[in-house]
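These protein sequence lines are chains D and P, in that order.
Residues 1 to 300 (my numbering) make up the first sequence, in order.
Residues 301 to 507 (my numbering) make up the second sequence, in order.
Calculated directly from the structure, the hints in this document are not laboratory data.
Be aware that one or more of the hints could be misleading.
Computed from the model, here is a short list of chain D residues facing chain P with C-beta under 7 Å [unchecked claim]: (1) L14; (2) A18; (3) Q24; (4) Y25; (5) E31; (6) P33; (7) A45; (8) E261.
Calculated Cβ distances over 12 Å to all of chain P for the following chain D residues [claimed, not checked]: (9) S34; (10) E48; (11) S69; (12) A257.
Derived DEER-like restraints, expressed as beta-carbon distance ranges [as the list claims (entries may be wrong)]: (13) E486/P with A71/D: 33 to 39 Å; (14) S77/D with P325/P: 42 to 48 Å; (15) T397/P with A19/D: 17 to 23 Å; (16) E388/P with V78/D: 42 to 48 Å; (17) A43/D with R384/P: 20 to 26 Å; (18) R386/P with S85/D: 44 to 50 Å.
Please read all numbers here as calculations on a predicted model, not as lab measurements.
For glycine and all other residues, C-beta sits at the position ideal for the given N, C-alpha and C.
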Amino acid sequence: MSADTPNDRDLEELLAEAAALRQQYRVASQEEPSVALDEAIRAAARREVRARPLMIGSGFGGSWRVPASIAAVVVVSVTVAVMVSPHDPQLRATREGPSSGLPATVGAPKDQAEPARGDRTANEQPKVDPTKAAPQARPSAAVPAPSSPAPAEARIEKSELPAKIESPIARTASEREELLRTQTPAKTALPAEAEALAPTMAAKTTAAPPAAEPAAKATADGTVSEQPLTKKRAQSNFAEAESKASPWEKDPQTWLAHIEELRAAGRMQDAEASFRAFRGRYPDYQLPHGFVPPVPPVSN
Amino acid sequence: MTSYAELRRGDMRLAYTPAAMEARPSDEDLMLRFSGGDAAAFDALYARHRGGVFRYLLRQCRNQAAAEELFQDIWMNLVQARTRYRVEAKFTTYLYTLAHNRLMDHFRRGKGAELVSLDQEGGDALEIPGSSAVQPERAAQSRQQARRLMELVAALPAAQREVFLMYEEGGLSLEQIAAATGANREAVKSRLRYALAKLRDGMKDHL
Numbered sequence: 001m002s003a004d005t006p007n008d009r010d011l012e013e014l015l016a017e018a019a020a021l022r023q024q025y026r027v028a029s030q031e032e033p034s035v036a037l038d039e040a041i042r043a044a045a046r047r048e049v050r051a052r053p054l055m056i057g058s059g060f061g062g063s064w065r066v067p068a069s070i071a072a073v074v075v076v077s078v079t080v081a082v083m084v085s086p087h088d089p090q091l092r093a094t095r096e097g098p099s100s101g102l103p104a105t106v107g108a109p110k111d112q113a114e115p116a117r118g119d120r121t122a123n124e125q126p127k128v129d130p131t132k133a134a135p136q137a138r139p140s141a142a143v144p145a146p147s148s149p150a151p152a153e154a155r156i157e158k159s160e161l162p163a164k165i166e167s168p169i170a171r172t173a174s175e176r177e178e179l180l181r182t183q184t185p186a187k188t189a190l191p192a193e194a195e196a197l198a199p200t201m202a203a204k205t206t207a208a209p210p211a212a213e214p215a216a217k218a219t220a221d222g223t224v225s226e227q228p229l230t231k232k233r234a235q236s237n238f239a240e241a242e243s244k245a246s247p248w249e250k251d252p253q254t255w256l257a258h259i260e261e262l263r264a265a266g267r268m269q270d271a272e273a274s275f276r277a278f279r280g281r282y283p284d285y286q287l288p289h290g291f292v293p294p295v296p297p298v299s300n
Numbered sequence: 301m302t303s304y305a306e307l308r309r310g311d312m313r314l315a316y317t318p319a320a321m322e323a324r325p326s327d328e329d330l331m332l333r334f335s336g337g338d339a340a341a342f343d344a345l346y347a348r349h350r351g352g353v354f355r356y357l358l359r360q361c362r363n364q365a366a367a368e369e370l371f372q373d374i375w376m377n378l379v380q381a382r383t384r385y386r387v388e389a390k391f392t393t394y395l396y397t398l399a400h401n402r403l404m405d406h407f408r409r410g411k412g413a414e415l416v417s418l419d420q421e422g423g424d425a426l427e428i429p430g431s432s433a434v435q436p437e438r439a440a441q442s443r444q445q446a447r448r449l450m451e452l453v454a455a456l457p458a459a460q461r462e463v464f465l466m467y468e469e470g471g472l473s474l475e476q477i478a479a480a481t482g483a484n485r486e487a488v489k490s491r492l493r494y495a496l497a498k499l500r501d502g503m504k505d506h507l
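Let the hints inform the model, and build the full structure from the sequences given.
Written as structure tokens, this is what we have:
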């Protein structure tokens with residue numbers, strides 16, 4: 001209110017002079033609406049409130065906003081997910097799997113052009129179950145890639161070797177027995193050479209205790225210069241396996257008793273592997289009456 | 301120097317002092333509460349302004365029945381328009397704007413002379429009854445003075461009377477009256493000055 005402006009001074013003076021008049025008017029002006037009219041208006045207001053109790057935040061303005069917001073968020077989220085996923089190379093490579101990317105890794109030019117993908121696949125390979133990863137990697141080995149050492153080959157080595165041979169954890173008794181069994185043909189292929197060297201080694205062979213006999217044979221094998229390198233290595237592995245052989249492997253009866261223990265313990269595969277190793281060591285040993293050889297699982 | 305606010309402090313019906321404003325909710329708060337569904341807020345709001353609006357209408361149309369009809373229409377319009385209410389001005393401005401518009405509709409329908417008189421600025425359209433024209437014979441001096449004053453108010457030109465009534469009954473400022481009536485502030489001020497001058501001249505023998 002701008003009553004204090006200079007232009008209103010004359011009006012203010014007039015209002016001051018008319019103060020008694022205005023007071024007299026207030027005393028005289030006392031008319032009021034009738035009580036019936038008051039009640040009618042108040043009743044109408046109450047009816048209006050009851051008919052539409054909450055107008056603020058309700059009604060159409062409040063009912064559609066929340067569902068519309070939720071729908072908008074869902075639509076935007078799905079749209080972004082659909083638009084982003086096909087263009088992300090990492091997601092695409094993960095979705096297609098490592099086998100689908102093999103042709104790109106086998107070919108030399110593409111292999112050199114995309115080293116990161118091959119490296120990433122090789123690095124991701126140990127995370128996969130080795131028993132499942134090996135079959136996936138084998139087809140790449142069948143693809144000829146003579147020009148360059150493709151990363152696919154490196155992937156094969158990393159995926160197969162730890163599961164089969166190189167893992168030190170896998171060196172259980174059955175593993176050792178399996179190793180012994182595989183090396184047995186090398187041992188059996190040497191009798192002629194061993195007989196040729198028999199005069200020189202006879203003293204050691206007879207003087208050595210029974211447990212030292214395989215080691216003496218391995219030593220004799222190592223002295224043969226004509227022996228192929230791989231055969232030498234096999235013989236040295238056989239010597240190591242023999243030196244680390246368990247006590248029950250020294251005596252056939254003790255060995256058979258150990259096989260019975262394995263079978264009684266439910267370790268059928270170990271029992272079978274041990275029996276095969278036993279047969280490799282003692283092919284002509286007459287099994288005692290009542291000893292039932294472990295039945296190998298039927299395989300196709 | 302006396303301001304409008306200081307002059308109005310003597311009016312106990314308005315009681316627009318700062319302390320009174322803090323002690324009770326404002327008209328705007330009550331109207332918002334009513335918009336939100338509080339019927340009690342409307343009762344309080346109605347109690348504050350029922351007399352002023354009614355007297356404004358009664359003085360303007362000079363007919364009890366017509367004033368009551370207009371009065372009910374105005375409040376019903378306010379009730380039905382509660383959801384669209386926004387605090388863009390003082391509630392009294394909003395209320396007396398409704399009253400002014402409804403009154404104009406009333407004049408357009410049946411009283412063209414009143415409508416013409418509202419458009420006049422000079423205030424000479426209606427003859428102000430002189431003191432010689434009214435010879436009160438009643439004993440009570442105060443009653444004679446009151447009657448005389450009401451006659452003087454009724455004799456004011458409609459535009460001047462409307463400004464005077466809004467100022468006294470509604471407690472509106474010059475700006476609020478200008479907003480409610482659609483006139484400019486200087487015109488409202490001029491009308492108020494004329495009205496006060498005529499009333500004082502008419503009552504100079506009784507004061």
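To see whether the hints hold, each was checked on the structure:
1. A cut of 7 Å between beta carbons decides the hint on L14/D: the least distance to chain P is about 5 Å, and the hint holds.
2. Because the smallest distance between the Cβ of A18/D and any Cβ of chain P comes to about 5 Å, under 7 Å, the interface hint for this residue holds.
3. The interface hint given for Q24/D is met, as the beta carbon of that residue sits about 6 Å from the closest beta carbon of chain P, less than 7 Å.
4. Given the 7 Å rule on beta carbons, the hint for Y25/D holds: about 6 Å separates it from the nearest Cβ of chain P.
5. Of the supplied interface hints, the one on E31/D holds, with its beta-carbon coming within about 5 Å of a beta-carbon of chain P, less than 7 Å.
6. With its C-beta approaching chain P no nearer than about 5 Å, P33/D sits inside the 7 Å limit, and its interface hint holds.
7. This hint holds: A45/D has a C-beta 4 Å from the nearest C-beta of chain P, less than the 7 Å allowed.
8. A cut of 7 Å between beta carbons decides the hint on E261/D: the least distance to chain P is about 87 Å, and the hint is violated.
9. The claim that S34/D lies off the interface is violated: its Cβ sits roughly 7 Å from the closest Cβ of chain P, which falls inside the 12 Å cut-off.
10. The non-interface label for E48/D is inconsistent with chain P: the shortest C-beta to C-beta separation is roughly 5 Å, within 12 Å.
11. Remark: the non-interface label on S69/D is consistent with the geometry, its nearest Cβ contact in chain P lying 24 Å away (cut-off 12 Å).
12. In this structure A257/D is separated from chain P by more than 12 Å, as the shortest Cβ-Cβ distance comes to about 94 Å.
13. A C-beta distance of roughly 56 Å is found between E486/P and A71/D, which places it outside the suggested range of 33 to 39 Å.
14. Between S77/D and P325/P the CB atoms are about 46 Å apart, so this pair conforms to the stated range of 42 to 48 Å.
15. T397/P and A19/D have their C-beta atoms about 28 Å apart, which leaves the hinted 17 to 23 Å range violated.
16. Between E388/P and V78/D the beta carbon distance is about 43 Å. The supplied range of 42 to 48 Å therefore holds.
17. Roughly 22 Å separates the CB atoms of A43/D and R384/P, a value that falls within the hinted 20 to 26 Å.
18. With their beta carbons about 48 Å apart, R386/P and S85/D fall inside the hinted range of 44 to 50 Å.
Consistency note: the structure conflicts with the earlier hints numbered 8, 9, 10, 13 and 15.
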